[in-house]
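Just so you know, the protein sequences line up as chains A and B, in that order. Okay, so the first sequence: first residue is 1 according to our numbering, each after it adds one. Okay, so the second sequence: first residue is 1 according to our numbering, each after it adds one.
If you're looking for bench data, these hints aren't it; they were derived computationally from the structure. As the structure is a computational prediction, the values presented were derived from the model and not from experiment. Note that beta-carbon positions come from the ideal geometry of N, C-alpha and C, so glycine has one too. Keep in mind that the hints are not guaranteed to be accurate.
What the hints assert, rightly or not - In silico SDA-like cross-links for lysine to any residue, where the CA-CA straight-line distance does not exceed 20 Å:
| no. | chain 1 | residue 1 | chain 2 | residue 2 |
| --- | --- | --- | --- | --- |
| 1 | A | K155 | B | K148 |
| 2 | A | K155 | B | P132 |
| 3 | A | K155 | B | A133 |
| 4 | B | K148 | B | Q119 |
Said to hold, decoys possible - Okay, the calculated bits of chain A under chain B, using three or more residues with CB under 8 Å as the criterion:
| no. | stretch |
| --- | --- |
| 5 | 140-151 |
| 6 | 162-172 |
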Amino acid sequence: MRNEHLIRLVSLGALLLAWSALSIIMADPEILPSPRSVIQKMGELWATGDLQKHLLDTCFRILWAFSLAMCIGGFLGYFMGRNPLANAWIDPWLIIFLNLPALVLIVLCYLWIGLNEVAAILAVTLNKLPLVMTLIREGARSSSSELRDLAKAYKLPKLKVLRHIILPELLPHIVSAARTGLSMIWKIVLVVEFLGRGTGIGRQIHTQFSIFNITGVLAYSLSFVFFIMLIELLIMQPFERYATRWRQHA
Amino acid sequence: MLEVNVTGKFFGDQKILGACKLKLKPAERISILGPSGVGKSTLLRIISGLDTNFEGVVKCPEKLAFMFQGPNLLAWRTCYQNLLIFHPEVSQTGATQMLEQVGLGDKGFFYPDQLSLGQQRRLALARTFLSPADIILLDEPFTSLDPKLKLEMLTLTRTLLDQSKSTLVHVTHDISESEYLMSNAVELKGNPATLHHQASDE
Ligand SMILES: Nc1ncnc2c1ncn2[C@@H]1O[C@H](COP(=O)(O)OP(=O)(O)O)[C@@H](O)[C@H]1O
Ligand SMILES: [Mg+2]
Numbered sequence: 001m002r003n004e005h006l007i008r009l010v011s012l013g014a015l016l017l018a019w020s021a022l023s024i025i026m027a028d029p030e031i032l033p034s035p036r037s038v039i040q041k042m043g044e045l046w047a048t049g050d051l052q053k054h055l056l057d058t059c060f061r062i063l064w065a066f067s068l069a070m071c072i073g074g075f076l077g078y079f080m081g082r083n084p085l086a087n088a089w090i091d092p093w094l095i096i097f098l099n100l101p102a103l104v105l106i107v108l109c110y111l112w113i114g115l116n117e118v119a120a121i122l123a124v125t126l127n128k129l130p131l132v133m134t135l136i137r138e139g140a141r142s143s144s145s146e147l148r149d150l151a152k153a154y155k156l157p158k159l160k161v162l163r164h165i166i167l168p169e170l171l172p173h174i175v176s177a178a179r180t181g182l183s184m185i186w187k188i189v190l191v192v193e194f195l196g197r198g199t200g201i202g203r204q205i206h207t208q209f210s211i212f213n214i215t216g217v218l219a220y221s222l223s224f225v226f227f228i229m230l231i232e233l234l235i236m237q238p239f240e241r242y243a244t245r246w247r248q249h250a
Numbered sequence: 001m002l003e004v005n006v007t008g009k010f011f012g013d014q015k016i017l018g019a020c021k022l023k024l025k026p027a028e029r030i031s032i033l034g035p036s037g038v039g040k041s042t043l044l045r046i047i048s049g050l051d052t053n054f055e056g057v058v059k060c061p062e063k064l065a066f067m068f069q070g071p072n073l074l075a076w077r078t079c080y081q082n083l084l085i086f087h088p089e090v091s092q093t094g095a096t097q098m099l100e101q102v103g104l105g106d107k108g109f110f111y112p113d114q115l116s117l118g119q120q121r122r123l124a125l126a127r128t129f130l131s132p133a134d135i136i137l138l139d140e141p142f143t144s145l146d147p148k149l150k151l152e153m154l155t156l157t158r159t160l161l162d163q164s165k166s167t168l169v170h171v172t173h174d175i176s177e178s179e180y181l182m183s184n185a186v187e188l189k190g191n192p193a194t195l196h197h198q199a200s201d202e
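Generate the whole structure from the sequences, applying the supplied hints.
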């Protein structure tokens, strides 16, 4: 285990080293700036407050889209998993949305709703929604009818059934929907900002791109990647461990 | 106490159960014997109120305990929680006493995955007997156990039954279980299956 962590660190170091070496060989900071100048640029952006401001805006959109998609998708997915008739009605829509390219949804949202915050958040939400629905539906389908019988025989109140049976049984599926959903959202949110918002990391990448400032593009992108890895490490992974704690005892 | 008068039960257009009449006094014990697939679980689900889609009338007391063929535990809750969620009126001390009686006294904070198969069964037994029920329904909980564990479970069940003085309806395909539990045996047989009381009953 320890060994594996070390290998990961060394591997990451090797990547940085390769980048440094390549930037020295190419000797053209316009095309491939060194890691140091990118980090320097990050520092500058942080000092002016630009980085935090745009990161926060992007974060706000992610949070909204994530929560909306999880709530609506969770509810609909569960409903479909438990009710074959509802599934027959909604499934064709689901398949269409699953196969609709992200870009199409984004462009349509902007065209129909306008270049505003609502359209941006809706575009991200709609991209994630089908995925959440499919995963939660799978969970609802695999739920045990025996435990339902047990709850019914002992006349467990609805709220208790939800808390002690339905949600815990669904939790692994909720976790995987949250994780895959989140990794999908932060790829899409940048495109949404790139195409139609005045703020956010995606917008800044657009700006840097239009003045062909590769250092700027890299500084914003890598800050964002770093930020996401932090969320993954500090929120998602502990949440996943918590959700499956009863399994690790075995 | 318990009055069952089922006249028919269909799955689709297939008639599984025919006439099934049963009347039990408090503390009476009965074992319904029948081969696998004859409709024992179906009948028990009707008696317990889990299945309301049948022809006939069933009068069953509200407070019942049901033990299934598998242990049917909440894997994500500790032993204590597995007991107390289903018996909110019981105190933790009460739960501890019951766990001790089934030999799980030190396992209260364990998760079911940390228990052996036999221990999981005993936890399910503890859940069934934790608070006094008017009627206890057992759906072949001793099937598919190895002989040693089966004997252990049967002995424990009998002790708990003697203590609780509840009415018992037990279904099985093994007549020796009925002897252990000191219950009257009736037979469920035929297609559609009907209940056959022996001359010795009532
Ligand atoms: N939900 C169901 N839908 C259709 N047929 C069922 C269903 N449940 C049970 N059956 C059928 O009813 C018959 C009796 O089943 P069951 O009561 O489980 O038998 P036993 O418990 O005696 O082994 C079987 O032939 C089974 O296939
Ligand atoms: Mg059965």
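So, going through the hints one by one against the coordinates:
1. A threshold of 20 Å between alpha carbons decides the hint, and for K155(A) with K148(B) the separation of about 33 Å lies outside it, so the pair is violated.
2. Restraint check for K155(A) and P132(B): satisfied, since their Cα atoms lie roughly 15 Å apart, inside the 20 Å limit.
3. Only pairs whose Cα atoms come within 20 Å are accepted, and K155(A) paired with A133(B) is accepted, the gap being roughly 13 Å.
4. A threshold of 20 Å between alpha carbons decides the hint, and for K148(B) with Q119(B) the separation of about 13 Å falls inside it, so the pair holds.
5. Counting residues of the stretch 140-151 of chain A whose beta carbon lies closer than 8 Å to any beta carbon of chain B gives 4, which meets the minimum of three for the stated coverage.
6. Check on the stretch 162-172 of chain A: 5 of its residues sit with their Cβ under 8 Å from a Cβ of chain B, so the three-residue criterion for coverage holds.
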